[in-house]
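Colleague: Below are the chains, spelled out letter by letter.
There are 2 protein chains.
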Amino acid sequence: MTLKIAIDAMGGDHGPQVVIPAAISALQKHADVELILVGDKSVLEPALAEHHSDEVARLQIHHASQLVAMDESPASALRTKKDSSMRVAIDLVKQGIAAASVSAGNTGALMATARFVLKTLPGIERPAIITAIPTMTGHTYVLDLGANVDSSAAHLVQFALMGSVLASIVDGKKQPSVGLLNIGSEEIKGNERVKEASRLLADSDLNYQGFVEGDGLYHGEVDVLVCDGFVGNVLLKGSEGVAHMIRHYLKQSFMRNWLTKLSGLIAGPVLKHFRRELDPRAYNGANLIGLQGIVIKSHGGADSFAFANAINIAIIEARKDLPNQISKQLETLIEGQVL
Amino acid sequence: MTLKIAIDAMGGDHGPQVVIPAAISALQKHADVELILVGDKSVLEPALAEHHSDEVARLQIHHASQLVAMDESPASALRTKKDSSMRVAIDLVKQGIAAASVSAGNTGALMATARFVLKTLPGIERPAIITAIPTMTGHTYVLDLGANVDSSAAHLVQFALMGSVLASIVDGKKQPSVGLLNIGSEEIKGNERVKEASRLLADSDLNYQGFVEGDGLYHGEVDVLVCDGFVGNVLLKGSEGVAHMIRHYLKQSFMRNWLTKLSGLIAGPVLKHFRRELDPRAYNGANLIGLQGIVIKSHGGADSFAFANAINIAIIEARKDLPNQISKQLETLIEGQVL
Chain F
1 MTLKIAIDAM GGDHGPQVVI PAAISALQKH ADVELILVGD KSVLEPALAE HHSDEVARLQ
61 IHHASQLVAM DESPASALRT KKDSSMRVAI DLVKQGIAAA SVSAGNTGAL MATARFVLKT
121 LPGIERPAII TAIPTMTGHT YVLDLGANVD SSAAHLVQFA LMGSVLASIV DGKKQPSVGL
181 LNIGSEEIKG NERVKEASRL LADSDLNYQG FVEGDGLYHG EVDVLVCDGF VGNVLLKGSE
241 GVAHMIRHYL KQSFMRNWLT KLSGLIAGPV LKHFRRELDP RAYNGANLIG LQGIVIKSHG
301 GADSFAFANA INIAIIEARK DLPNQISKQL ETLIEGQVL
Chain R
1001 MTLKIAIDAM GGDHGPQVVI PAAISALQKH ADVELILVGD KSVLEPALAE HHSDEVARLQ
1061 IHHASQLVAM DESPASALRT KKDSSMRVAI DLVKQGIAAA SVSAGNTGAL MATARFVLKT
1121 LPGIERPAII TAIPTMTGHT YVLDLGANVD SSAAHLVQFA LMGSVLASIV DGKKQPSVGL
1181 LNIGSEEIKG NERVKEASRL LADSDLNYQG FVEGDGLYHG EVDVLVCDGF VGNVLLKGSE
1241 GVAHMIRHYL KQSFMRNWLT KLSGLIAGPV LKHFRRELDP RAYNGANLIG LQGIVIKSHG
1301 GADSFAFANA INIAIIEARK DLPNQISKQL ETLIEGQVL
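As they're listed, the protein sequences go chains F and R.
If you're matching positions, the first sequence starts at 1 in the numbering used here and goes up one per residue.
If you're matching positions, the second sequence starts at 1001 in the numbering used here and goes up one per residue.
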């Protein structure tokens, strides 16, 4: 059966000029997929007409008259943008027309809209944001990355479960290892919520490995790392900041004088290989997980290579029916009286 | 007047073999300083005898019979190690014999001991851990890095004040800019404590600049960044983890084959310059701030270059009489009814 994915074609910093090439690129990889571009017909039709590849036949336009601004509040988006490209793409998932949706629009509005339209899975009180982060041994799924602050122990356990199911489905791991982000070697080891969550996880059927510190994430200590959204967001953005700073200093070191520029020229292919290995674009695409439907959030500034990756994640999860898989495992946990 | 600094000569992973060369190196820079090496006389005397520089005359040994293990609990250190090198070094500060102390011993035990012996400054409920972190424009002082979890709004304001005084004293900045670490652009912007702290800081005399996100730290958005210790610890360790991972991939990229190795050889001096610019050893030395005395914590694994840097920080702060400066500014804040 053909899989249909709804794309918010107007979201993000670049809109259709990034979304359309990304959509075509994703279609080239997946012969059994159709993409629905949701947005302003008068913009999308001429933009699409410029592309002549065979894949265009599997791209359809679904008109939506409004646009959620990148700095618009979730409340405003919910109340006043009922025909926005973001909202309509999620509506298509709700109606069962699309198996997943992808948007590079603003995270707050996307989360509020997705939660309002799709609702959370039974047993999940709060959806979370999860993404794969590159490590020294591969990648680790980290959640929550900013949807929730002051998460309770029960919420952290729900996050652990959702992350575990995601890792097992997307990466085919039988029993993904799960860790709880904590601080170590200090006077007070962690807070009460983390300690309580650790006790609950130790009693669960999950492959729980205990506490992991901030650097342990990058050593690849676990497949899934669980934390409160405030902490996870700081960790993610701080990491991006460090990586950016290091690239900046590395570049500067090669640009000091003609001699260093020359060695930079010689080292060019190696530096290129290095950059590719940690290319953040290859990791673009976060899940709003815990909803009765698949919603993938792309970076707002994503280029078409990065956005295609987000579409790819949506396709993989739709094929595996991620929300239902989470539901099933959740029932087991509830029966086991862990939650 | 000669400044005396007490050094826990037995702490850290390497003990005297790192501490003694570091002490000599620090003395070479500061002609008006004497260092008191606290630890086992039977170990320190022969170790010191191997050094023949003029500075040895300004090094004295103060015997302490016990040692706090790197994995010892704070409670055990407090109860059973009253003659440890760590404890005695802090006692010397309490007695007014030393103007500051430095230890590479375990953070939890050091914080508990320092707090018990020295007590907090009037108006400060909780001491914090603060250190300078390199950014794209210089460095930023970040606190708390792990001494406190679940910090209240009032605690965050106290951290802000202490950080501001430290930055103005150590870097000579008149009105250091202060930011509160927060998450942005997500559904719920921050938690209640952060929002409340922000309101209090906006009313204070501090140069408060508002919220800063994780990546903003590395862009050098503020001179002082304030956060809860759980969050700060995760940010710091996560950052160290990313930096380590990037160095690993960079090295690996140059080690793939003989051609890449050759270009690594050519780029060698540039890569060396790059590593030096972000050398974490140059940033070794965190403050246990908020106490009635100066206690500097060195990384446990510090080498003598790094440990000398921690001693250097202790000397600078002792000369400027940091705890009293914090006290004075705290009175102003209390009079201004911010706290």
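Among these hints, one or two may not hold up.
[Stated by the list, open to error] Derived Cβ-Cβ restraints for the label pairs, each shown as a range:
1. F:R275 <-> R:K1041: 39 to 47 Å
2. R:G1300 <-> F:R275: 49 to 57 Å
3. R:D1203 <-> F:A49: 52 to 60 Å
4. R:Q1095 <-> F:S73: 53 to 61 Å
5. R:M1255 <-> F:K251: 16 to 24 Å
[What the hints assert, rightly or not] With a cut-off of at most 27 Å between alpha-carbon atoms, the simulated BS3-like pairs for lysine-lysine come out as follows:
6. F:K261 <-> R:K1272
7. R:K1189 <-> R:K1004
8. R:K1189 <-> F:K82
9. F:K119 <-> F:K272
10. F:K251 <-> R:K1272
11. F:K4 <-> F:K94
In short, the hints are calculated from the structure, not lab data.
All figures in this text were calculated on a predicted structure; none of them were measured in a lab.
Idealized CB from N, CA, C, for every residue including glycine.
Colleague: Now, for every hint given, state plainly whether the structure supports it.
Modeller: Tested hints:
no.: 1; hint: F:R275 <-> R:K1041: 39 to 47 Å; result: violated, 55 Å
no.: 2; hint: R:G1300 <-> F:R275: 49 to 57 Å; result: violated, 33 Å
no.: 3; hint: R:D1203 <-> F:A49: 52 to 60 Å; result: holds, 58 Å
no.: 4; hint: R:Q1095 <-> F:S73: 53 to 61 Å; result: holds, 58 Å
no.: 5; hint: R:M1255 <-> F:K251: 16 to 24 Å; result: holds, 21 Å
no.: 6; hint: F:K261 <-> R:K1272; result: holds, 15 Å
no.: 7; hint: R:K1189 <-> R:K1004; result: violated, 47 Å
no.: 8; hint: R:K1189 <-> F:K82; result: holds, 23 Å
no.: 9; hint: F:K119 <-> F:K272; result: violated, 44 Å
no.: 10; hint: F:K251 <-> R:K1272; result: holds, 13 Å
no.: 11; hint: F:K4 <-> F:K94; result: holds, 13 Å
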